[in-house]
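Student: Each chain is listed here by its residues.
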Amino acid sequence: MSDHNDQTDNSTGHEWDGIRELKNPPPTWWAWGFYAGLTFVTCYYFIYPSTPMNNKIQEVVNGVTGMEVMVHGHTKGIMAMVNSNPYYQGEKWTQSEIDALVAKGHNELTIKAGDLKYQDGWTAINEMRDDVAEIEAVRETSMAKLATMSVDEILADDDMRQFALGRSVVLFGDNCAACHASGGQGNLNAAHPENSFPNLTDDDWLFGGWTAKIQETITDGREASMPPKGGNEDLTEENIDDLAKFVVALSSGDAVLEVNDDDEGVLTKGADRFAGANELFQETCAGCHSANAKGSMLNGDFDTGAVNLTDGIYRFGGSLATIKETIAKGRTAKMPTFADRLDEVSIKILTVRVHELGGGMAGEPAE
Amino acid sequence: MSSVAEKEQYNYDIVKFCVIVGILMGVIGTAVGTWIASELAFPILNFDIAEISFGRLRPVHTNTVIFGFGGFLLYGAGLYMVQHCTHARVRLEKLAWTAIALWLIAMICVWVTLPLGITQAKEYHEAEWWIDLMMAASWVCFTISFLATIAARKMSHIYVGLWFFISMLFMVTYIFVFNGLAIPVDMTFSYSAYSGIHDAMTQWWWGHNAVGFFLTAGFIGVMYYFVPKHANRPIYSYRLSVLHFWSLTFLYVWVGAHHLHYTAIPDWTLSLGAGMSIALIFPSWGGMINGMMTMSGAWDKLRTDPVMRFMVVALAFYGMSTFEGPLMGTKSVNALSHYTDWTVGHVHSGALGWNAMIAIGAMYHMITRMWNTEMWSAKLVNMHFWVHLTGAVLYITAMWGSGVLQGLMWRAFDEYGNLVYTFADSVAAMHPFYALRATGGFLVFCGFCIMLYNTLKTISAVKAGTNVTLTAEARA
Amino acid sequence: MSEYKKGGGMIRGIPHDTIEQSLPILAVFVAILVAVGGIVEVVPSYYLDDAEPAVEGVRPYTPLELEGYAIYRREGCFLCHSQMIRPFRDEKERYGHFSLAAESGFDHNYQWGSKRTGPDLARLGGKYTDAWHIQHMRAPRSVVPESVMPNYMWLEETALDTSKTKRRMEVLAMMNVPYSADDIANWEADMKAQAGVDDGDGEDALRTRYERKTWEIDGEVTQWTDSFEPTPINVRAFDGDATDVTELDALIAYLQMLGKSVHFEEGVDYYHDKFGQPYRK
Ligand code: HEM
Ligand code: HEM
Ligand SMILES: [Ca+2]
Ligand SMILES: [Ca+2]
Ligand SMILES: [Cu+2]
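Just so you know, the protein sequences line up as chains F, P and H, in that order.
Under our numbering, the first sequence has 351 at position 253, and the numbering climbs by one with no breaks.
Under our numbering, the second sequence has 130 at position 129, and the numbering climbs by one with no breaks.
Under our numbering, the third sequence has 237 at position 233, and the numbering climbs by one with no breaks.
Please note: incorrect hints may appear among the correct ones.
[As the list claims (entries may be wrong)] Derived BS3-like pairs: lysine-lysine, alpha-carbon spacing no greater than 30 angstroms straight-line: (1) 332/P with 96/H; (2) 217/H with 210/F; (3) 96/H with 190/F; (4) 264/H with 332/P; (5) 170/H with 217/H; (6) 96/H with 119/H; (7) 432/F with 168/H; (8) 17/P with 464/P; (9) 196/H with 327/F; (10) 217/H with 119/H; (11) 380/P with 17/P; (12) 302/P with 121/F; (13) 422/F with 367/F; (14) 332/P with 17/P; (15) 332/P with 380/P; (16) 154/F with 243/F; (17) 168/H with 196/H; (18) 302/P with 190/F; (19) 332/P with 121/F; (20) 96/H with 170/H; (21) 392/F with 427/F; (22) 264/H with 432/F; (23) 432/F with 96/H; (24) 119/H with 196/H; (25) 196/H with 427/F; (26) 332/P with 170/H; (27) 243/F with 217/H.
Source of the hints: derived by calculation from the structure; they are not laboratory data.
Using the sequences provided together with the hints, build the complete structure.
Tutor: Below, the structure written as structure tokens:
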């Protein structure tokens with residue numbers, strides 16, 4: 099047999115295809131490391147929740163040691179036994195908390211008043227509680243103050259405004275920038291105008307740039323809808339073409355529309371070319387965009403979102419083709435509601451940011 | 002000790018096939034890897050083609066490198082060393098060939114189905130159920146043939162390298178089968194038999210041990226033959242072999258949970274995984290030490306022999322990634338590293354540093370021995386080494402950089418207690434690292450191309466009779 | 005031989021020599037040893053009842069959402085997006101309440117992911133509008149310039165393949181996802197109703213089926229508390245076109261319900277429902 103030959107060296111005497119094995123002991127440092135590892139893991143398992151227990155084993159263990167706290171479904175680790183452990187001494191359920199749960203319909207509760215809420219040692223969630231508490235402590239004063247202030251008060255208070263703006267960076271970036279772009283400049287989508295998102299940095303507002311209105315927008319969201327052909331089935335291709343050119347002219351200054359004493363929109367400029375279009379406009383569009391075409395918002399209607407057509411700022415794009423498409427197909431757009439995603443303070447902070455983006459309006463909306 | 006005549010009684014055809022396919026898989030796998038790396042750096046490279054979009058191509062990369070490159074190396078080197086370490090010709094040769102054919106067919110099916118979006122959506126287990134069946138059948142065929150060869154050994158003792166193979170064969174069978182259990186909807190879709198936390202645990206019991214047994218135990222087995230053989234030195238410590246074999250085999254299985262730290266998996270399970278991860282350092286290092294110390298008396302080879310260099314550097318990377326891995330297996334480090342490129346860096350320090358380099362070394366070794374020739378160009382082997390090493394180091398450092406940066410950016414709070422970076426900031430910050438990684442990957446890919454070229458030239462030189470045959474000393 | 009046994013063969017009193025010389029012994033030892041860790045870690049989660057408690061609000065996907073889930077899987081979204089918010093203060097602020105086990109309890113297979121190339125999506129539902137998703141799936145960089153996500157413009161152009169929907173539900177029902185026979189029989193009407201292609205006739209039926217509070221899992225009836233209001237099903241043309249059911253309809257329907265099912269009530273400690281002392285059985 100080829101595996102039992104040369105034993106003159108320090109080998110086991112085996113050989114496979116010329117490979118032999120020496121009888122050297124493992125390096126001492128390796129052996130120490132190896133045992134240290136095993137020791138570590140043993141300690142670790144006592145410190146942290148680690149060993150699963152089925153009901154039988156659990157009963158036995160608890161019966162013998164009286165350590166219900168330690169073993170429930172699994173061992174909880176020694177932290178559960180250390181009396182100074184904050185989790186061990188953690189909050190207890192109070193009767194009123196339980197009553198509140200019952201009132202909400204949780205009528206099968208197994209807990210009693212006085213039961214510990216956190217009967218465990220280290221857990222991931224307890225660790226989070228600590229970390230959250232730590233970071234909340236850092237901003238506690240500021241946040242508590244923000245909670246009591248209105249957005250306008252925050253804007254007036256330099257320190258609080260700065261804090262809010264600082265905190266708003268990530269709030270805006272993670273929640274709003276996807277639509278309104280990181281700088282709030284919105285997104286004009288030439289290929290798909292219906293998927294454009296409004297610019298928040300200009301002075302042109304759909305629903306109002308006062309803090310109250312911005313806050314309302316973020317909290318409840320918005321939905322604005324322009325029906326196809328302004329809701330007037332009878333509009334012909336030609337009419338639409340005329341209207342579109344009229345809209346462009348209103349922005350470029352080739353046509354100027356003013357409201358006379360009878361609340362009628364009359365052309366003070368461009369009447370020669372756009373009289374017909376204006377007639378259509380007053381009949382079909384003015385209901386939303388107002389007789390002067392300055393949009394619903396400037397005329398005191400903050401919910402419709404019918405845009406100002408005279409300022410050259412376009413929500414969906416200003417090319418003739420896009421405007422024609424807008425008129426022919428209509429537009430519906432939504433801003434999502436953030437009431438159930440962000441808390442009130444966060445929404446205030448965002449309101450501050452949006453107001454400070456550049457186009458914020460002062461004072462109160464005249465309702 | 003074996004004579005040339007003895008060697009000729011081994012079945013080399015099957016090994017030659019595996020080695021050549023393995024090199025091809027290396028080329029393809031790293032090409033796809035470089036491509037997806039470039040897609041992350043320059044998303045335009047998705048070219049708006051569904052089949053090559055990142056999400057569909059990434060599993061093509063992982064499957065090709067792990068099961069294609071890794072798989073054919075394990076099959077090839079396994080069959081090579083089991084013959085050499087038993088002095089017996091492989092038993093049930095038809096079964097072994099069947100294993101190899103099925104594996105190759107499965108790989109081809111994977112290349113077709115994954116880009117089409119036909120996937121089980123489990124990492125490293127993406128192939129649909131019917132491909133799984135092929136792979137499982139292949140694995141069982143290989144296992145039987147391999148064990149039968151060991152049973153036919155011409156000596157009393159089983160070599161340590163083969164122990165590791167045996168542990169791989171069993172464990173991979175378990176985990177592959179259990180993780181793969183699914184109910185088919187049709188040929189293109191199936192639902193895992195598990196859901197939620199159960200599916201997660203089963204997945205990472207598989208995922209980790211695919212690493213632990215396929216990419217570690219199997220490759221350690223390979224190391225145990227090729228390092229001492231190539232260095233022509235005895236294994237340093239038999240006792241170490243025994244200790245680290247049993248401890249590695251037992252402990253590795255426990256740590257899959259470290260892929261799920263802080264998730265909805267119960268805390269106790271995660272602690273089991275975290276604790277064992279640390280305990281795993283020294284069992285893992287046992288293999289590295291035994292390999293490295295085996296070099297004593299042969300260190301000079303490092304200067305002259307690039308193949309030896311591949312193997313030794315592989316061991317160094319192995320040591321490093323089995324130190325890094327346990328660190329990442331602890332809760333606090335994982336809290337930072339999980340979900341980031343750090344994991345990807347760790348993966349590739351294992352994959353490019355350890356797996357690929359030991360595989361490449363073993364492949365060069367086998368090629369020269371099986372064809373009884375020097376490589377066509379020793380210079381190219383040397384160049385392969387440096388190109389590969391540079392690429393791997395670029396890749397790994399880029400991913401450490403991006404991973405740690407990403408992790409820190411996500412969790413950064415300023416002195417007022419507010420988050421500092423948006424998620425999009427972190428995406429933007431990754432760009433230079435992704436470009437660097439793609440560059441590193443490209444180098445590794447070039448290395449494989451060099452290897453393929455050199456191998457083909459070597460073989461054709463043998464055919465033409467213009468090669469330089471190995472000296473008797475080298476053959477011993 | 006004898007010397008050998010004294011030397012290397014005995015390791016700490018264990019006759020390793022014997023093991024090494026016998027393939028059956030070696031193989032059996034290995035086969036048993038490698039099974040232990042897995043059994044200890046994977047099996048108990050099935051019988052320890054506090055591992056995965058039921059949470060009110062978690063319901064199976066509607067047929068349309070189910071197809072969306074399949075597309076999410078098909079495109080490999082989970083390779084870049086996680087759906088598992090960890091209990092960290094930064095993730096809490098960025099993504100919301102940490103994920104509960106029950107929230108993925110009906111996901112065969114789970115979609116937690118292991119890499120966040122893109123942000124976590126576990127609580128995505130309702131964060132953006134359909135219009136945004138349409139544009140974002142079509143061309144992510146047109147809305148988020150930093151993005152590295154591929155364009156998925158083919159989704160809005162591809163009619164949804166519904167040939168598997170029924171079978172999908174049947175297979176899931178076999179695995180205790182609580183679809184009733186009625187749910188399965190009406191898959192097509194429900195799907196069309198949800199995508200807004202049926203003039204609204206089927207909407208009520210769809211809502212009755214999926215906003216219900218009684219679910220039968222494995223022969224056991226789970227009844228949610230009376231006061232619990234299930235989250236309303238989203239019903240509309242998700243891809244902006246009410247004449248067809250496209251892949252994009254399905255995908256957005258899925259994305260828009262992620263994380264919406266459980267109501268995280270102020271004052272209710274979901275943690276203890278999770279592992280500790282369950283406050284409610
Ligand atoms: C003692 C040895 C090792 C330990 C304890 C270990 C531990 C870990 C940990 C903690 C992770 C990160 C999990 C996460 O956060 O998602 C990981 C990921 C990974 N490791 Fe290791 N590692 C070890 C060695 C290796 C080696 C040698 C390789 C060889 C290639 C490797 C391949 C991988 C792979 C492929 C992943 C990625 C899994 C995924 O897809 O998320 N590991 N490992
Ligand atoms: C040219 C060389 C390579 C390049 C450029 C490359 C590139 C990549 C990229 C870009 C990813 C995706 C990472 C992400 O999602 O962010 C990846 C994943 C992966 N690669 Fe490679 N790769 C290369 C070689 C290899 C090799 C040789 C192996 C294995 C033997 C390997 C194993 C893996 C694994 C296991 C993953 C999944 C990691 C995870 O899930 O965390 N790669 N690779
Ligand atoms: Ca991964
Ligand atoms: Ca549609
Ligand atoms: Cu692992």
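Student: All the hints need checking, so say for each whether the structure fits it.
Tutor: Okay, the hints, checked on the actual structure:
no. : hint             : in the structure
1   : 332/P with 96/H  : 18 angstroms, holds
2   : 217/H with 210/F : 27 angstroms, holds
3   : 96/H with 190/F  : 24 angstroms, holds
4   : 264/H with 332/P : 29 angstroms, holds
5   : 170/H with 217/H : 23 angstroms, holds
6   : 96/H with 119/H  : 18 angstroms, holds
7   : 432/F with 168/H : 34 angstroms, violated
8   : 17/P with 464/P  : 14 angstroms, holds
9   : 196/H with 327/F : 28 angstroms, holds
10  : 217/H with 119/H : 35 angstroms, violated
11  : 380/P with 17/P  : 23 angstroms, holds
12  : 302/P with 121/F : 24 angstroms, holds
13  : 422/F with 367/F : 22 angstroms, holds
14  : 332/P with 17/P  : 45 angstroms, violated
15  : 332/P with 380/P : 46 angstroms, violated
16  : 154/F with 243/F : 53 angstroms, violated
17  : 168/H with 196/H : 15 angstroms, holds
18  : 302/P with 190/F : 69 angstroms, violated
19  : 332/P with 121/F : 39 angstroms, violated
20  : 96/H with 170/H  : 37 angstroms, violated
21  : 392/F with 427/F : 21 angstroms, holds
22  : 264/H with 432/F : 19 angstroms, holds
23  : 432/F with 96/H  : 26 angstroms, holds
24  : 119/H with 196/H : 34 angstroms, violated
25  : 196/H with 427/F : 24 angstroms, holds
26  : 332/P with 170/H : 42 angstroms, violated
27  : 243/F with 217/H : 42 angstroms, violated
Of the numbered hints listed earlier, those contradicted by the structure are 7, 10, 14, 15, 16, 18, 19, 20, 24, 26, 27.
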